[in-house]
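Taking the hints into account, I'd like the entire structure generated from these sequences.
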Amino acid sequence: MSTTSHKLILHVVGARPNYVKASPVVRELDKRGANQVIVDTSQHYSSDMSTQIRRAVDMREPSWTLDRVEGGIEVRLASIIRQLYELMERVAPSLVVVYGDIDSTLAASVVAKKYGTFLAHVEAGLRSFDDEMPEEINRRVVDELADFCFATEESALSNLAHKKNKVFMVGNTMIDSLVKAQSDGLLKKRTPQNYVLLTTHRPSNVDSKNALESIIKMCNEITRPIIWPIHHRTKNNLEKYKLFHEVEKINRLALVGPMGYIEFLNTMNNSYAVITDSGGAQEETTFLGVPCLTIRHNTERPITLTKGTNTLIEMKDVAAQLKQTKENTKREIPYLWDGNAASRVADILESKGFC
Numbered sequence: 263m264s265t266t267s268h269k270l271i272l273h274v275v276g277a278r279p280n281y282v283k284a285s286p287v288v289r290e291l292d293k294r295g296a297n298q299v300i301v302d303t304s305q306h307y308s309s310d311m312s313t314q315i316r317r318a319v320d321m322r323e324p325s326w327t328l329d330r331v332e333g334g335i336e337v338r339l340a341s342i343i344r345q346l347y348e349l350m351e352r353v354a355p356s357l358v359v360v361y362g363d364i365d366s367t368l369a370a371s372v373v374a375k376k377y378g379t380f381l382a383h384v385e386a387g388l389r390s391f392d393d394e395m396p397e398e399i400n401r402r403v404v405d406e407l408a409d410f411c412f413a414t415e416e417s418a419l420s421n422l423a424h425k426k427n428k429v430f431m432v433g434n435t436m437i438d439s440l441v442k443a444q445s446d447g448l449l450k451k452r453t454p455q456n457y458v459l460l461t462t463h464r465p466s467n468v469d470s471k472n473a474l475e476s477i478i479k480m481c482n483e484i485t486r487p488i489i490w491p492i493h494h495r496t497k498n499n500l501e502k503y504k505l506f507h508e509v510e511k512i513n514r515l516a517l518v519g520p521m522g523y524i525e526f527l528n529t530m531n532n533s534y535a536v537i538t539d540s541g542g543a544q545e546e547t548t549f550l551g552v553p554c555l556t557i558r559h560n561t562e563r564p565i566t567l568t569k570g571t572n573t574l575i576e577m578k579d580v581a582a583q584l585k586q587t588k589e590n591t592k593r594e595i596p597y598l599w600d601g602n603a604a605s606r607v608a609d610i611l612e613s614k615g616f617c
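Numbered by the numbering used here, the letters in the sequence shown go through residues 263 to 617 in order.
Be a bit skeptical, because a hint or two may be false.
Stated by the list, open to error - Restraint ranges, calculated between C-beta atoms of paired labels, are given here:
{"#": "1", "residue 1": "Asp609", "residue 2": "Val353", "range": "17 to 27 Å"}
{"#": "2", "residue 1": "Lys376", "residue 2": "Asp579", "range": "13 to 23 Å"}
{"#": "3", "residue 1": "Asp320", "residue 2": "Pro396", "range": "39 to 49 Å"}
{"#": "4", "residue 1": "Arg514", "residue 2": "Asp292", "range": "39 to 49 Å"}
{"#": "5", "residue 1": "Val353", "residue 2": "Thr453", "range": "40 to 50 Å"}
{"#": "6", "residue 1": "Asp320", "residue 2": "Tyr377", "range": "40 to 50 Å"}
Quick caveat, the hints were computed from the structure, so don't treat them as lab data. Idealized CB from N, CA, C, for every residue including glycine.
Written out as structure tokens, the structure is:
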């Protein structure tokens, strides 16, 4: 494969976090005159969510949006793979750029290598070492296929040591978007309030009745006000198991719909603490200095534990831990989380002849 024959860059996004990570890269490549297009795989729950997040992070409209197909993972993956392959045959990209660890990222990576083009993975090398996590499988496969692995933290470098000169430490493009929100005056200085922010969406926490009952029990034990922007997956399962009314009975809990990106950042930034199972929230709280309790047994982002504000915890221990939680004044902002990660990505791609 040659980087000089055809220099179209195809970015593949499919869910809200992808836009947050991709938008700084697209803007930086635009500055260098790159020929680039964006395809949205429609992994979002709604087109409205896609539009809202795109506008919030100042990202151009996608050139193509794939048809969304309902069904199990095998149906959705097959549809994305088929549509992406047909698209690549039409536009002939020289480089495909994927982000994070969602199913769309896996599908696009497989198609890119089957098609015979170069593949770049932004947020490469993260590992939870938990094969029961669907995202872990995606991460491992994508990284093995990638020609350019752009890492966010030091642990990724050791995880990808076998990839040698295909690995580049660049920092965190998601933090680039957060820094831009700060510089644009959209994210104000942290002023901690009394409430805690709760976010849940991982299958292990929301797909079974027992797991949902554990969340409800945890919320009942917490003495502070709780703001819970409920994920559609969580809401559907609460209704499925006839538990939604139990949530509504918790007086201190404010159940709200999905928040826009800037609203969510400000709600997070001003919270007493965040309770989450989200990977992105672990990183954002580390950068902002917000105490974070991650209701998981592991994390693929260990830098948030060693230098950040993150703690892994079981749901049964959350209420007690909250009573001991204080501002972490000794936290460190991880290496290269400085708002310039996308510039480093663009520098590398430019040096390889893609701009």
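Verification of the hints:
1. Asp609 <-> Val353: 17 to 27 Å: For valine 353 against aspartate 609, whose Cβ atoms are near 25 Å apart, the range 17 to 27 Å holds.
2. Lys376 <-> Asp579: 13 to 23 Å: violated (46 Å)
3. Asp320 <-> Pro396: 39 to 49 Å: About 30 Å separates the Cβ atoms of aspartate 320 and proline 396, which means 39 to 49 Å is violated.
4. Arg514 <-> Asp292: 39 to 49 Å: Holds: the Cβ-Cβ distance is about 46 Å, inside 39 to 49 Å.
5. Val353 <-> Thr453: 40 to 50 Å: holds (47 Å)
6. Asp320 <-> Tyr377: 40 to 50 Å: The hinted range 40 to 50 Å is violated for aspartate 320 and tyrosine 377, with Cβ atoms some 30 Å apart.
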